[in-house]
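Heads up: the sequence lines are chains A and B, in that order. For reference, each letter of the first sequence is one residue, going 1 to 374 in the numbering used here. For reference, each letter of the second sequence is one residue, going 1 to 375 in the numbering used here.
Hints in this document: simulated from the structure, not taken from any laboratory. Fair warning: there could be bad hints in the mix.
From the derived model, a few chain B residues whose C-beta atoms are all more than 12 Å from chain A [to be verified]:
#1 T3
#2 E8
#3 F9
#4 E10
#5 Q21
#6 Q65
#7 G125
#8 A160
#9 E181
#10 K191
#11 S214
#12 I221
#13 M299
Cβ-Cβ distance ranges computed for the label pairs, FRET-style [said to hold, decoys possible]:
#14 B:K335 - A:L58: 40 to 46 Å
#15 A:L58 - B:L14: 41 to 47 Å
#16 B:D194 - A:G24: 45 to 51 Å
#17 B:L14 - A:W82: 43 to 49 Å
#18 A:Q46 - B:V39: 37 to 43 Å
#19 B:P23 - A:G352: 29 to 35 Å
#20 A:L284 - B:H51: 49 to 55 Å
#21 B:E143 - A:G24: 39 to 45 Å
#22 A:P314 - B:V39: 25 to 31 Å
#23 B:E10 - A:L333: 46 to 52 Å
#24 B:E304 - A:Q46: 52 to 58 Å
#25 B:E287 - A:G352: 49 to 55 Å
#26 B:N174 - A:G24: 57 to 63 Å
Owing to the predicted nature of the structure, the values given are computational and were not obtained by experimental measurement. Just so it is clear, CB atoms sit at the ideal spot from N, CA and C, and this is done for glycine as well.
Listed below, chain by chain, are the residues.
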Amino acid sequence: MSDGIFGIENTWLDAAIRIQLIVGLMTIVVMGLIYAERKILARFQQRLGPTRTGPAGLLQSLADALKLVGKEDLRPRNADPWTFELAPYLVFVPVFMSFVVVPFVVGWQVRIVELGLIYFVAVSSLSIIGWIMAGWGSDNRYAMIGGMRAAAQGISYELPLVLALISVAMVANSYDLNEIVAGQGRWPNVVWQPMVVVVFVIAGLAELNRTPFDIPVGESEVVGGPFVEYSGIRWSMFFLAEYAALFIMALIFAAVFLGGWAWPLGEEWGRWWQLALVSIKAGLFIFFVFWVRASVPRLRIDQLMSFSWKILLPLMLVQVLVNGAVLVYGGPLWILTIAGLVGIAVLVKLVGHAVSQPRPKVVVAASAEGEVAS
Amino acid sequence: MVTEPVPEFETQDLLINVGPQHPSTHGVFRMVMEIDGEVVKDVIPHIGYLHRGAEKLCENNDFRQGVGYMDRTEYLAAHNAELSYVMAVEALAELEVPARAQWIRMILCELNRLSSHFMFFGAFGVDVGVFGTPFVYAWRERETLIDLFEEISGDRMMYAYFRAGGLAWEVPPNFKERVREVLKSSRQGVKDFDGLLTENEIFIARTKNVGIISAEDAIEIGMSGPSLRASGVPLDIRKTEPYLFYDQVEFDVPLGENGDVFDRYYVRLQEMEQSMRIIEQCLDRLEDGPIMPERMPRMLRLPEGQEVYIRTEAPRGEYGVYLVSKGGNKPWRLKVRSACLSNLQALKQMSVGQYVADAIIILGSIDIVLSEVDR
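Just chain A, with the same shape it has in the complex (with noise of 0.2 Å):
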């Protein structure tokens, strides 16, 4: 347990305010995150992205939230009322209840908790649930193919992420996530364990339901897939959950394998530089989901589970193996290292001979005949 927030005493007040902080926020984050989408999604296409509303557009996600707000709340007649009605909130509440052991800096953090990364994991994987619900409750086929796509997605890349996060645990010899930041004072997890940091990486995309992954949402195919229904106030809170869940897997990502904010400066910096340092590493992060978002395919539904289940699957069970073969036993920790480049090494390896085909180039001869025209 933390000290009291503002000097508060009381655990339920200091709980509630603290809530309340997050909440805010959270829908201040993720409406930087939606401009900051637009604008660097804008400049890889060459386009200028918002400018209009406000200086350089920045509040053009704010008008936007107020235009959600006031559209009208529309369910379809055949739909389920309270699935449809409910889901939203099924989605939305685990993502900010992971929040809870999410850590900024030193302490800034809602409560310490001893099993955090256990937390964490299992609290935002019940957010597929709400999507099933959207996609049952719907009365639209579009949405339940889109719902049913979610949960087989959900449950295929928690098991590789899982995996990742416990091998992590394993290095740091701590589920608190404090505690596994300040362990890496000297070098990061990355260093340790670069494989998992591949695989953490593609399954929280696939967690996240970004692109290649997006394949419930998939626009070309389901049109947004369960939440092709909803309207006003209802789809923009799958909308924040979405970018929230994104905001804090960047923390995560940050957290775990990049030291947070112990690594380079050490942990006696002041804290607003280890904001910006954590600042900086979610930034990259986050900015990678960007770029990859604009520039690959959407994979296909069986590609999706074939790649998780059997490839990256097996290749952190293995990971796991020699984590624990290596700390038990002992040894030096470069092993770790090597391993994990190897496994990098296999998994292009797997990925590129899966695909690699060499370039069709047949063609007809070119010929010139006839006369000369006059």
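Given the coordinates of chain A, assemble chain B onto it according to the supplied hints.
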């Protein structure tokens, strides 16, 4: 022991309606897909949402006015559509088209092929699932082409620039420089596109060995154009029955190997390079001269009781015009042979047994223009 019989559950395939308002149907196409989980069992296409009776309208307008309707049957490659029509009229009227007009027609048709294929790449990239980037890349290049068409004909889509006998008016004086300028940017655009998609692992995984159609089936269905050549059939009307001056320029005809979605994409990519090659040769050969025949009648009247079928290689395949004249200044009957309509018939054969996501990119890879399907 009495065991209760296990109740037999009837599984029912899901019918989903794709279109006419769906982002991936390229217009107002509608198909009803019968799916079992994620696998497509049956595809029933519904066409006709964009039928405007263009053929019948042509019969009520004289030969000069018909050109405008031809534009609207194939709005992404209007020059190519006009070409078939004016060539049909010229064949019946026995008009001699001046060389300069023919070279300019060739340049414009090939440029139009470029702009049409750019449109294909943009839409296809979105179908495959890249968020907007290929679309914007393709439209940037298409924009330069369309600007050029606007400078020449005064319109961005419905040019109505070809006339029976030649061209409506002379091209702007800086035509050659402008075309070379546009070619330069298009060449870079094709390169960008190649870099963005062609060797992307996910793109290959999505498109290779998907939606295969064999050469025999493709011929039987009556496919033409890049979709047919992707199956390895070397049919290019510019080569086999040269019109304009296609027999005087050098160009290759790219062919596919498997007839899958990737080949249909890649054949088009290579075709664009060949188009640029053709245009450059045309620019070198383009000389000053008249653009209409000297003895052009003021009102074009065709002889009685004659008919002609002219086909040209449009970006999507064989665009044919069947024209019957019974005298007078209007066609008695005009029939457009649309490449898209024939190519679309292969949709079911390609899609059944594939995944839902594949059906979408297969439809995209056929590259239909609904106004040409329905006319």
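Notebook entry, point to check: Okay, which hints does this one fail, numbers in order?
Noted result: Numbers 5, 7, 14, 17, 23 - these are the hints that the structure violates, sorted from lowest upward.
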